[in-house]
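Residue numbers (my numbering), protein chains in the order written: chain A, 137 to 368; chain B, 137 to 368; chain C, 37 to 267; chain D, 4 to 360; chain E, 4 to 360.
By construction, these hints were calculated from the structure, which means they are not laboratory data. Treat the hints with care, since some could be wrong.
To be verified - Part of the chain A face toward chain E, derived, beta carbon under 8 Å:
| id | residue |
| --- | --- |
| 1 | Ala255 |
| 2 | Val256 |
| 3 | Lys259 |
| 4 | Leu267 |
| 5 | Gly268 |
| 6 | Arg364 |
The beta-carbon is built from N, C-alpha and C at its ideal position, and this holds for glycine as well.
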Amino acid sequence: MTDWLSADEWAAVFLSLKVSLWAVLVSLPFGLLTAHALARWRFPGRQLLNGLVHLPLILPPVVTGYLLLLSFGRKGMIGQLLDQWFGIVLAFRWTGAVLAAAIMAFPLMVRAMRLAIEAVDPKLEQASATLGASRFWVWLTVTLPLILPGVIAGAILAFAKAMGEFGATITFVSNIPGQTRTLPSAIYSFLQVPSGETGAARLVWVAIIIAMLALLLSEWVSRRVAARISGQ
Amino acid sequence: MTDWLSADEWAAVFLSLKVSLWAVLVSLPFGLLTAHALARWRFPGRQLLNGLVHLPLILPPVVTGYLLLLSFGRKGMIGQLLDQWFGIVLAFRWTGAVLAAAIMAFPLMVRAMRLAIEAVDPKLEQASATLGASRFWVWLTVTLPLILPGVIAGAILAFAKAMGEFGATITFVSNIPGQTRTLPSAIYSFLQVPSGETGAARLVWVAIIIAMLALLLSEWVSRRVAARISGQ
Amino acid sequence: EEVVVFAAASLKTALDQVASGFEAETGHTVTLAYAGSNALAKQIIEGAPADIFLSAAVNWMDEVEKADAMVPETRLDLLGNSLVLIAHGKAAAPVEITADFDLPALLAGGKLAMALVDSVPAGQYGKAALEHLGLWQATEPSVAQADNVRAALSLVALGEAPYGIVYATDAVAEDNVTVVGTFPADSHRPITYPAALLTGAADPADKAFFEALSGEAAGKIFAAEGFTLLN
Amino acid sequence: MTLDVQLRHRFGAFSLDLAFTAPPGVTALFGRSGAGKTTVVNAVAGLMRPDEGQISLNGQMLLNTRAGQFTPPHRRRIGYVFQEPRLFPHLSVKQNLLYGRWFARRRSPAPAADFGRVVELLGIAALLERRPMALSGGEKSRVALGRAILSAPQMLLMDEPLAALDEERKAGILPYLARLRDEFSLPILYVSHSATELAQLATTVVLIGAGRVIASGPTAEVLTAPATATGFGLSETAALIGVTVEAREADGLTRLRSAAGPLWLPGVEAGPGSVLQLRILARDVMLARSRPEGISALNILPVTVIDLTGAGDEVLVRMRLGGEVLLARITPRSARALQLSPGAPLYAVVKAVSLAP
Amino acid sequence: MTLDVQLRHRFGAFSLDLAFTAPPGVTALFGRSGAGKTTVVNAVAGLMRPDEGQISLNGQMLLNTRAGQFTPPHRRRIGYVFQEPRLFPHLSVKQNLLYGRWFARRRSPAPAADFGRVVELLGIAALLERRPMALSGGEKSRVALGRAILSAPQMLLMDEPLAALDEERKAGILPYLARLRDEFSLPILYVSHSATELAQLATTVVLIGAGRVIASGPTAEVLTAPATATGFGLSETAALIGVTVEAREADGLTRLRSAAGPLWLPGVEAGPGSVLQLRILARDVMLARSRPEGISALNILPVTVIDLTGAGDEVLVRMRLGGEVLLARITPRSARALQLSPGAPLYAVVKAVSLAP
Ligand SMILES: Nc1ncnc2c1ncn2[C@@H]1O[C@H](COP(=O)(O)OP(=O)(O)OP(=O)(O)O)[C@@H](O)[C@H]1O
Ligand SMILES: Nc1ncnc2c1ncn2[C@@H]1O[C@H](COP(=O)(O)OP(=O)(O)OP(=O)(O)O)[C@@H](O)[C@H]1O
Ligand code: MOO
Ligand SMILES: [Mg+2]
Ligand SMILES: [Mg+2]
């Protein structure tokens with residue numbers, strides 16, 4: 137089993153898993169907040185925020201990666217501030233890969249969650265408020281459970297996207313084995329070599345298997361949640 | 137205005153618009169069908185279909201492009217059949233770019249629509265049936281109008297993705313100016329040469345403006361639909 | 037000690053072998069990051085923690101030099117390459133690439149696969165060569181531009197495009213293509229792969245590997261992969 | 004039109020196992036909350052597939068689990084007024100109302116109900132352009148009622164259609180439903196908790212308790228059977244008496260002929276010759292040994308005691324009135340004071356106004 | 004606890020413009036479908052912000068559009084039983100019931116209602132582990148009722164809470180609501196179409212028509228005022244008489260003292276000394292010039308005619324009974340026969356059983 141992939145390849149697989157999981161976890165709260173803001177609040181700049189969220193989808197990934205490099209790189213404005221104030225360095229680290237994956241996956245996550253939030257019946261939230269729940273508690277005890285299938289859908293879409301993210305990642309954090317060489321970067325490297333297709337195919341299968349497992353898991357969780365609601 | 141971009145660049149802009157619109161239009165019925173099947177039907181192979189739909193998200197775009205080339209190319213199985221039976225050639229044509237964009241955008245479209253379908257109250261569909269509507273009519277007169285915001289969200293996500301699609305497109309149909317040279321390909325070309333950033337930036341702005349307009353349009357349509365439902 | 041090398045993706049096959057030889061010999065670790073020369077150059081300019089840069093194009097090394105990201109006196113043109121015309125399959129007939137070479141007739145309506153002719157080095161060299169031979173105008177509509185040389189090679193290997201223009205090094209390892217002709221060296225600027233030590237390189241291992249790149253063992257490997265040694 | 008229902012179904016701890024036949028007219032499903040009424044109606048509509056069962060309408064099989072036969076809901080042409088409104092939120096009130104008609108047109112040419120008439124009756128003319136979201140609770144349920152009626156069904160299912168309406172509105176709608184029943188011979192399966200509605204409308208009553216049929220039969224019989232009468236709530240125990248309209252007299256009262264002699268009633272709209280059913284609540288009947296004089300009650304009927312049943316703190320007296328049965332609820336003290344026993348001749352005093360439907 | 008409401012709001016063609024004061028006890032909002040009842044209740048709950056208005060509970064301002072003041076719903080501690088159940092689909096019945104309690108605990112220590120007691124009363128013990136989706140219509144509305152009661156509110160809003168329930172269940176719940184009103188001094192704003200519920204529960208009635216207050220005041224007054232009595236539906240016109248429980252007699256009847264003399268009633272549960280309100284339906288009162296003999300009615304009360312009002316085909320007779328007002332609906336023919344005129348002495352005959360709530 138372990139022979140099937142080289143140590144470097146296993147490292148790429150685990151790195152991709154790590155990066156994708158973190159990308160989903162880190163962006164989840166922001167995704168929820170953004171989705172909620174877009175679905176429910178009316179504020180100036182709402183359309184701008186909406187546009188901004190979709191940007192990584194519209195731009196070629198390489199451009200997004202390049203913009204990330206310019207702003208979050210060692211020489212970038214935000215990158216320097218992060219480094220000075222918090223000692224956080226993103227460029228050329230796996231944490232940067234997390235940022236790239238999270239940003240690329242963000243529009244997918246937000247859309248799924250937003251649709252779910254828009255489908256919540258405000259009458260139930262009103263009922264919750266009359267029972268004494270403040271906005272925060274209404275959200276936590278009524279809205280959140282009701283949008284859970286949407287949140288899961290959003291998270292799994294984001295995870296899948298993060299697993300497949302390539303252009304922005306390789307541009308922002310490069311393709312350093314063991315550090316920033318994710319599964320897609322590894323696949324890309326294979327495709328750069330003549331007759332590398334078989335090596336690439338092996339890794340593609342690994343990617344497919346992981347994604348399938350994640351999908352099955354999410355379907356199962358969604359179904360359980362739906363079953364809880366429909367009563368059995 | 138026309139001076140702002142070169143003729144080649146305008147061509148790339150229009151090609152991208154054409155490709156993206158067609159990609160959305162062509163995949164819309166399949167997206168709806170797939171979303172419906174995943175949301176409502178229980179059949180063997182459902183999880184497989186679900187996985188297949190997500191595949192383009194998980195795989196690096198280049199891999200998807202490569203797989204497209206293998207199957208829809210001139211020498212590919214499906215490509216040859218299409219050519220012989222219908223005279224349809226996709227490789228190196230803008231139609232191939234449509235296919236690539238549609239496939240890359242498909243998971244986003246399906247997820248949005250699926251969430252919307254799952255949020256439809258089956259009780260309304262039952263009511264429709266008791267009033268004499270067959271399955272088809274129930275779907276057309278109740279389900280479809282109710283999922284319209286989700287369909288729009290799915291379409292706009294797909295459009296945005298199609299506008300930004302690069303890896304699969306260039307791998308499958310190359311970059312033939314005027315035929316398959318989309319906006320992202322043009323931007324990518326700029327990024328390949330030193331000091332190409334200003335040229336790239338110009339095209340990036342064009343992409344952003346188009347996407348923003350599309351988003352505003354979709355928000356506006358969604359809001360109108362929602363207003364119709366909530367009654368004013 | 038760890039050596040981090042940023043290298044153009046087209047060097048992968050050869051450089052992997054060079055590095056593992058070096059590792060076995062010295063016990064140092066060589067970490068190789070491959071990507072497009074342009075991406076690597078930009079990353080180095082933005083402060084990537086690399087010790088050595090191997091570019092596939094002179095202009096991107098120039099950029100790095102302009103940004104003071106490398107040690108100028110270490111810069112050298114390490115390798116050379118040549119440009120070839122390849123055809124799909126194993127039995128294609130060789131052609132003579134001269135000024136009266138009728139490329140459009142050879143293509144017979146099929147595509148000529150190249151890397152992006154305006155931005156990717158291999159594409160630029162190819163376009164220059166065709167222009168030099170007076171073939172560009174007639175050929176241009178048939179050119180399918182891929183985003184890198186390897187993708188252009190794939191198009192020919194799969195038979196999607198009957199012919200393509202790639203580096204000689206790329207053609208070597210692909211079974212499904214035949215080199216039918218080599219473009220005259222004077223039809224384009226010399227194809228060179230510059231190398232340099234970067235400003236971040238501090239420890240002796242970096243220097244050791246940089247030197248090893250011009251060494252005999254490395255030379256053998258590069259030559260076997262089809263490169264010409266410029267040093 | 005006859006509906007035959009036979010069902011067996013389990014929902015966790017709740018089990019349904021019943022069979023009944025609904026003859027032409029209105030069949031009322033009566034029973035406590037959670038008894039299984041909606042489940043039965045859903046099965047008839049084809050929205051619920053029971054574990055086992057057979058349902059036929061007019062001899063035509065709609066469901067036969069043994070034979071694996073199932074007619075899908077849209078082919079049953081059964082209009083359904085759900086317990087909750089279920090209006091289409093994306094359509095205007097008018098579009099909701101006309102929704103079923105479009106499909107009906109494709110099947111049968113003559114709709115039973117007229118759009119304008121129904122809209123006027125339900126008082127929803129001002130709402131036609133609104134969306135359901137902007138309606139009050141009662142307005143929604145009226146629109147739902149109209150939608151089902153206007154779909155030109157061959158049968159109507161109504162699950163507490165009037166629960167959200169005020170008395171005045173109910174009083175307007177009930178006679179219309181009776182007209183649908185009679186003029187268009189539209190069979191109706193009617194769920195209600197109100198014995199008043201039931202007595203005014205139902206030809207047959209099926210009393211359901213915990214998923215079983217407790218009693219079923221013609222309304223008059225079920226309502227007056229001592230075993231079931233209390234099932235409808237003591238205050239609603241009543242007898243049904245068949246009468247024929249004779250004439251409207253000068254002061255507005257209408258003279259009716261019953262098996263036991265003439266009766267006078269205000270506010271009767273039916274013309275001479277019409278046959279009506281009067282619902283006489285047991286609580287409205289007073290008994291006297293001799294014919295009382297100088298009293299406001301107009302209707303004093305000679306009756307004979309059939310039997311006496313103790314019901315809580317009270318006594319339910321069944322009496323023969325001509326060929327029919329009359330009920331009276333009195334206190335045990337009065338029963339003793341009047342020395343009631345089977346066979347005793349009595350006068351039943353019924354206030355004219357309390358006969359009004 | 005006093006609730007002061009003053010509202011002005013427009014919904015398209017519908018305009019609301021009303022003001023009323025709800026003193027301690029139960030205040031009933033009565034009116035036709037679409038009159039604006041739910042809108043008022045929503046405003047009190049804080050779910051609807053009217054164009055203009057002021058709402059104060061016990062002197063504490065909940066809303067003052069002039070001053071831009073608005074207390075959000077969750078700080079009002081007002082329990083709301085909505086017109087539709089609005090149960091949380093993701094929570095079990097038990098979790099739904101306990102939902103409000105958790106927030107209440109954080110604010111006030113003593114909950115007014117006991118979980119076990121409420122569950123038993125509502126008959127939902129068997130449903131506790133179920134999800135709302137798997138409940139019948141009536142079960143849902145019972146859970147919604149319990150949920151609001153158990154949230155330990157300082158006031159209850161109930162929008163037709165019993166509409167989906169059967170008579171028996173209603174009869175069980177109404178006295179419990181009366182107890183909440185009395186024992187825990189819980190003020191209740193109660194929307195209902197049923198004059199029966201209203202008379203049993205309400206201390207004050209606010210009659211609403213097309214967004215305006217038509218009449219308001221103590222229940223007995225509003226119900227018996229000739230101008231408004233017919234607003235409740237003729238069949239429900241009734242008088243309310245204050246009585247004191249004296250003793251339970253051997254045969255189960257309870258003797259009550261009224262201003263006009265003793266009355267006997269079955270099924271009274273209150274102990275001696277309790278003060279009750281009896282609702283005597285106008286249709287249940289028979290009039291006689293002389294005291295009738297040998298009749299099953301136990302309660303024969305001497306009264307004096309106040310006035311006569313024509314109402315449709317009938318005559319509504321108001322009579323003085325001690326210091327209170329009694330109503331009778333009779334036919335014009337009987338009115339003539341008895342030669343009724345203001346001041347005439349009469350006997351009102353009321354069947355004992357018809358007094359039972
Ligand atoms: N969002 C809205 N837009 C327009 N009109 C509305 C809206 N909400 C309510 N209305 C109208 O306001 C009026 C009062 O509604 P409300 O819900 O208060 O009535 P109600 O007295 O509770 O009636 P019901 O007994 O039928 O529940 C109705 O005529 C209704 O159509
Ligand atoms: N999906 C379900 N799962 C489990 N139990 C159910 C389900 N649906 C209904 N029940 C139970 O079946 C019984 C009958 O339900 P039904 O809806 O037929 O009652 P009903 O007679 O219409 O009552 P109501 O007057 O309250 O509407 C109830 O006890 C209910 O709890
Ligand atoms: O930098 Mo490249 O990938 O050899 O063109
Ligand atoms: Mg029901
Ligand atoms: Mg209402």
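Each hint tested on the structure:
{"no.": "1", "hint": "Ala255", "verdict": "violated, 12 Å"}
{"no.": "2", "hint": "Val256", "verdict": "violated, 11 Å"}
{"no.": "3", "hint": "Lys259", "verdict": "holds, 5 Å"}
{"no.": "4", "hint": "Leu267", "verdict": "holds, 3 Å"}
{"no.": "5", "hint": "Gly268", "verdict": "holds, 3 Å"}
{"no.": "6", "hint": "Arg364", "verdict": "holds, 6 Å"}
Going down the numbered hints, you'll see the structure goes against 1 and 2, while the others check out.
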